[in-house]
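Trainee: One-letter residues, chain by chain:
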Amino acid sequence: MDKILYTLIVYSENIAGLLNQITAVFTRRQINIESLNVSASSIKGVHKYTITAWCDEESIKKIVRQIEKKIDVLQAHYFTDDEIFSHEIALYKLSTPVLEKDPRVSALIRKYNARVVEVNPTYSAMEKDGTTEDIIALHDELQQLGCVLQFVRSGRIALTKSCVERVNEFLADREARYLQSKGE
Amino acid sequence: MSKERITGAEALMRSLEHQGVKTMFGYPGGSIMPVFDALYDHRDRLQHILVRHEQGATHAAQGYARASGKVGVCLVTSGPGATNTVTGIADAMIDSTPIVVIAGQVGTAFLGSDAFQEVDLVGITQPISKWSYQIRRAEDVPWAVARAFYIASSGRPGPVVLDFAKNAQVETLDYEPVSLDFIRSYVSVPDTDKMSVIRAAELINKAQRPLVLVGQGVELGNAQEELQAFIEKAQMPAGCTLLGLSALPTDHALNMGMLGMHGNLAPNVKTNECDLLIAVGMRFDDRVTGTLATYARQAKVIHFDIDAAEINKNVHADVAVMGDCKATLRAVTELLIPATHKEWIESFAPYREEENRKVIEPEIHPTAGPLNMGEVVRAVSEAAHHEAVLVTDVGQNQMMSARYFKYSRNRSIITSGGLGTMGFGLPAAVGATFAVPDRTVCVFMGDGGLQMNLQELGTIMEQKAPVKMILLNNNFLGNVRQWQAMFFNRKYSFTPMTNPDYLKIAEAYEIPARRVTDRAELKEAIEEMLTTDGPFFLEACVIEEGNVLPMTPPGGSVDVMLLEC
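Residue numbers (the numbering used here), protein chains in the order written: chain C, 1 to 184; chain D, 185 to 749.
For reference, chain D alone in the conformation it holds in the complex (with noise of 0.2 Å):
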């Protein structure tokens, strides 16, 4: 094949094609013209969505991945642009979110002199990348795309970020694509050791009270099925992490809710009870565990992972699965005799009457008063026949539409985990909308997270991206606010806030909006947001002081939770 001489930016879109972008988020600036001069010529094979924020490229890119699968792309300038990028790059390589940052630097002649819009970008995002490179020469660009996209997408996905020099986007090289897939220092997926297999099924096997924590793990492995087929064989009861939610249907019969601080109470006063603990993809964070002094101690421990990093960083594994979890969930399934272990199952019961009784019922179908945020949550997820993707911004509009929306299908929740990212909500579901087109995209919010990013309405307005927007509005920062309640005397410092009138901001991005406040119009309000065709405002005034419940108090044991408060 004869080689094309072309320059580093034209080299960088063919890289992208190559690689099989076809969507991405981004904002021109001075360091990254030369690129967006060649995109420009590219538009009608690669989409560029612009945003209105660099921080929004970003979650728009995280979102995009995560209702996809596929890896995210981001294009932003240097210096502000790419300081601008750092929040959603620390919460992709937390959440382990496959997502490619290209950044414009200033040309290499230029390095190190404090330049106009240079900032050590590389340095920077080092700690929070899982690779971050500068191509200084174009004829470095086919290889340090392919490299990137490889690392992010491979393993554990994260985000990688290529800082790329002016010179090296107009300088000229002979193009050839490359692919690659094998990197010598890097083991993306480590070796299962069959001993370890073969121990994990005895320990199942030999177990009375096996409880299954599902993980992020399993939806980045597409293992959902495998899954299914494991706990279904040995009839093993199971918790989701935040993250996996949508990785078990949520009307599984063996699905026993949400783990963790704000998870359901059965899954979780159970940890402490049951004999073997099998983690699937996950990584035991601390909101899933409470104080490791007191959490699961009675119980075997065996921890399927892709990340050795993770085995005994937080919990102590007695048998460690290494590998993809798709090809080990199936290894260890086959070792497995069926059980049905009817009684354990059954001891969840009365727990999750408990919880439903006091905490669910109350928050979904209140009979009097202000509108819960609960009670919206549900109405919108049932509207949309549990098929819909959530996306959640963070605080108790997040642990809201965690607790209270239904999942039917894989890859339905994006939500920022790890990190806790105000203003992740609403750049993310305005990404999905462009993964997956065919699906109804809804984004829960709170009125602080809104206006950390709220400048992306202007991308919903310009793309007329079908984001449905759900505005939990309690005139709060409402999370805040309920730990000041429970354990700082109910002094409110700083959390009241006094909010703009939304609809009008709403009317401003001649986004079609409706206001929400007495119980009798919920529904209509609802399927008029559904029907709608594209993007859709609807903001729900909630009850002020409403408080998310149940709840490990921060440092408790994951077994004691507070149903009220």
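With the rest of the complex left out, here is chain C (with noise of 0.2 Å):
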């Protein structure tokens, strides 16, 4: 089956030691995780992992329902990148002498809409985001160009394009359950 890059959104409760957890499923099935991050989200309490991978549908499929089974986890999808809003940030350190010299460096760094962050004589820092592709392409332009001292990526934050919150939904249904049971 065809492999391309699958988003996983998953969100949790905040407990130690669910990263592991997470990251075991894919290395049960020895799929490699291409980006992950994890960070609050909007619900209080409850984390959210942006994880990226390149696998067929089958395995992103198995892989999900397994981290859905966590305990401690809430909800877990995945999305191809037609039914995201994507992003990611990189920054890229460059020789200042080449800068100065070599007027295409400045010219790529307008053309892809870097920002500059820190100019001193030895490195100038810059900073991008936006899509996987157009990062990677301006590292691989200021690279033929021999500038290049660092890059870094960041890994893939996303929204759904859905108009449906899935995991409020849940949480409501939940807390609803809960409430119910109480109340018999």
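Hints listed in this document are in silico derivations from the structure and should not be mistaken for laboratory results. Just so we're clear, the structure is a prediction, and the values are computed from it rather than from any experiment. Possibly wrong hints are sitting among the right ones.
Straight-line alpha carbon distances no greater than 20 Å define the calculated DMTMM-like cross-link-like pairs of lysine to aspartate or glutamate that follow [claimed, not checked]: (1) Lys61(C) - Asp491(D); (2) Lys69(C) - Asp491(D); (3) Lys161(C) - Glu175(C); (4) Lys417(D) - Glu386(D); (5) Lys62(C) - Asp365(D); (6) Lys69(C) - Asp469(D); (7) Lys497(D) - Glu83(C); (8) Lys61(C) - Glu83(C); (9) Lys542(D) - Asp743(D); (10) Lys62(C) - Asp502(D); (11) Lys69(C) - Asp365(D); (12) Lys62(C) - Asp491(D); (13) Lys61(C) - Asp72(C); (14) Lys182(C) - Asp365(D); (15) Lys390(D) - Glu457(D); (16) Lys69(C) - Glu386(D); (17) Lys62(C) - Asp469(D); (18) Lys48(C) - Glu34(C); (19) Lys378(D) - Glu57(C); (20) Lys69(C) - Asp375(D); (21) Lys44(C) - Glu175(C); (22) Lys497(D) - Glu100(C).
Hey, can you piece these two chains together into the complex? The hints should help.
Mentor: Written out as structure tokens, the structure is:
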């Protein structure tokens, strides 16, 4: 089956040790995690994991179910690129002497809408956000000009395009059931 | 209610009592001493069985849980005590057995410093447990214990680990009992989609050749009666997985036998002839399916399960009926149109007859030569009126006893299915005797597996646990030897074993014992075993190179079984 880049969004309770459990699901199935971002979500006490991995749909479905099975995981879903808005950020550390000597470097920085964060006589730091493709394209072009000292990309963060917030619905449903069970 | 100021260790005792725990299996050590100190004052309410090795404690807890349906409890120390439980935890995970393992841990001030007997138990057990939690503060004890028991016993059951830091054992808290049956992030029983019930019934009502696969889920869900009503209403033949064998009485007219690699010929062959496969609480293990490429490709599949992660994991389900099978089986049964499937049921007969003639009869009623394994098993089953609890070790002894024991009561087979843990049998049988003291517990072991947890004879001696031990001694690691014979040109690489004198071992442990080699003595020896109060050790010297048949060769198709080799 064809491998494509899937984005998994996982919501969990804020409990220590869960990251291990989630990544272990990938390890067991010998699937590499391409990028991983963990942070607080908009819901108090709920953490959000955004994970990307190349794999086929059969595998990603099984992975999502096995992640969702973890006691402290609220929900897990997978998405293709057309179902989400996604973004990454990248930092580029460039040689200032090359930057000053070769006008093509500044041209590239303008073309890709990167932002200058720091300039000193030794190096200049740039920041760019956008899609993976854009970020890598800028890196590759800068690399050809021989000015890249360091380069780093963040993990992907993503929002779903759907008009339904499934995790909110899930939590509301769980809350209602809890109250109902106490009411009996 | 006024709260009382007590230690974390005392809170653990009260929390266990609050959960209804009566019996536990354990072994003391440095980091769990405050708990054992508290336990001493609770001896009249909490029975603690001192095992001889922590692995034995986990298997005993598993045996207890499997026989009773209640949560089995282990209490061990940190470090090696904790790592010795790992095999049992993994075994309980893959076989869905509810146990709670409580292990001591060094104090939180020492965590991460490579302190004496410190091990990252939560890190080790996370991938092999349903839930694993470190108790670092005394005030968390009542909550953590309540949560542990709820998680272990609800939904698809499994093992839970509580890693109990020593400071939390000695520090104090205001104790109040905690009851818990809700965790926001954990849906123990998924909702049943009404449409799935209707579609399942439609498929069954249309089916000409339905076959039901009965798994342990039926026993875990206490749905044995519902299962019978379900298969009887539409007269659907059924096969049982190894762990599901006692969910349907062996002699039920629709029970066509055991599924899988060493199962019965008819249900395996018919798996590839049926037009509808109905799996209830089973997970399509590779030992059941053989190669998936040729497994029931002609059939539509209905899968009843409580665990969403099992659906489409190995075999695609046309209809998945999620939920508790006690309720879902009932719901589907209501919509069934009574049917007879007479021809289909009759079509099993030639295969049963063939297996009976070529395999079963020669195995259980031989006329000459040394004792057969199956012969001993069936004789024990008969002598116990097919009402005993069967515990097995792993290997040929396991397949032979699963095949030739008969089951008339629920929760009557306790065996290590998924993990295949040699050494499981003896301690599991100890646990079973505490769970169902009114039932006869028979454990069949090989000479290999017995020696993997032989030390538990000490527990049996001390407790006078009425375990009826049957050693099927062939002086070989028999299952591996069989594979070497069949697939490795009879190169018996490290499978012959030089055995000790087991009667002397039994004698040292003051366990009545007898050795039987002669067919003429077999029945009487078994009678002596069953009529002797307390434990008994029966060594049956069986044919050295006996083979378990029939057999689906590994990686082979489910319907192609060797009847001889």
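Trainee: Would you mind marking each hint as holding or not holding in the structure?
Mentor: Okay, the hints, checked on the actual structure:
The suggested pairing of Lys61(C) with Asp491(D) holds, with an alpha-carbon distance near 14 Å, which does not exceed 20 Å. Distance check on the hinted pair: Lys69(C) and Asp491(D) sit about 8 Å apart at the alpha-carbon level, within 20 Å; holds. At roughly 25 Å between alpha-carbon atoms, Lys161(C) and Glu175(C) are farther apart than 20 Å, so this suggested pair is violated. The suggested pairing of Lys417(D) with Glu386(D) holds, with an alpha-carbon distance near 14 Å, which does not exceed 20 Å.
Proximity of Lys62(C) to Asp365(D) is assessed by CA-CA distance (about 27 Å); at most 20 Å being required, the pair is judged violated. With a C-alpha separation of about 19 Å, the suggested pairing of Lys69(C) with Asp469(D) holds against the 20 Å cut-off. For the hint linking Lys497(D) to Glu83(C), the alpha-carbon distance of about 25 Å lies beyond 20 Å, and the restraint is violated. About 16 Å separates the Cα atoms of Lys61(C) and Glu83(C), which keeps this hinted pair within 20 Å; it holds.
The suggested pairing of Lys542(D) with Asp743(D) holds, with an alpha-carbon distance near 17 Å, which does not exceed 20 Å. Taking the CA atoms of Lys62(C) and Asp502(D), the gap is about 17 Å. The hint holds against a cut of 20 Å. Annotation: proposed proximity of Lys69(C) to Asp365(D) holds, straight-line Cα distance about 17 Å (limit 20 Å). Between Lys62(C) and Asp491(D), the direct Cα distance comes to roughly 12 Å. Compliance with the 20 Å bound is thereby established for this hinted pair.
Under the criterion of a C-alpha separation no larger than 20 Å, the hint pairing Lys61(C) with Asp72(C) is consistent with the structure, at around 19 Å. For the given pair, Lys182(C) sits about 10 Å from Asp365(D) by alpha-carbon distance, which is consistent with the 20 Å threshold. Between Lys390(D) and Glu457(D), the direct Cα distance comes to roughly 16 Å. Compliance with the 20 Å bound is thereby established for this hinted pair. Simply put, Lys69(C) and Glu386(D) have alpha-carbon atoms about 30 Å apart, too far for the 20 Å limit, and the pair is violated.
Of the pairs offered as hints, the one joining Lys62(C) and Asp469(D) holds, with about 16 Å between alpha carbons and a cut-off of 20 Å not exceeded. Our distance criterion of 20 Å between C-alpha atoms is met by Lys48(C) and Glu34(C), whose separation comes to about 17 Å. A C-alpha spacing of about 27 Å is found between Lys378(D) and Glu57(C), which places the hinted pair above 20 Å, so the restraint is violated. Proximity of Lys69(C) to Asp375(D) is assessed by CA-CA distance (about 15 Å); at most 20 Å being required, the pair is judged to hold.
With a CA separation close to 15 Å, the supplied pair Lys44(C) and Glu175(C) stays within the 20 Å bound. Under the criterion of a C-alpha separation no larger than 20 Å, the hint pairing Lys497(D) with Glu100(C) is inconsistent with the structure, at around 58 Å.
Consistency with the previously given hints fails for numbers 3, 5, 7, 16, 19 and 22, ordered from lowest to highest.
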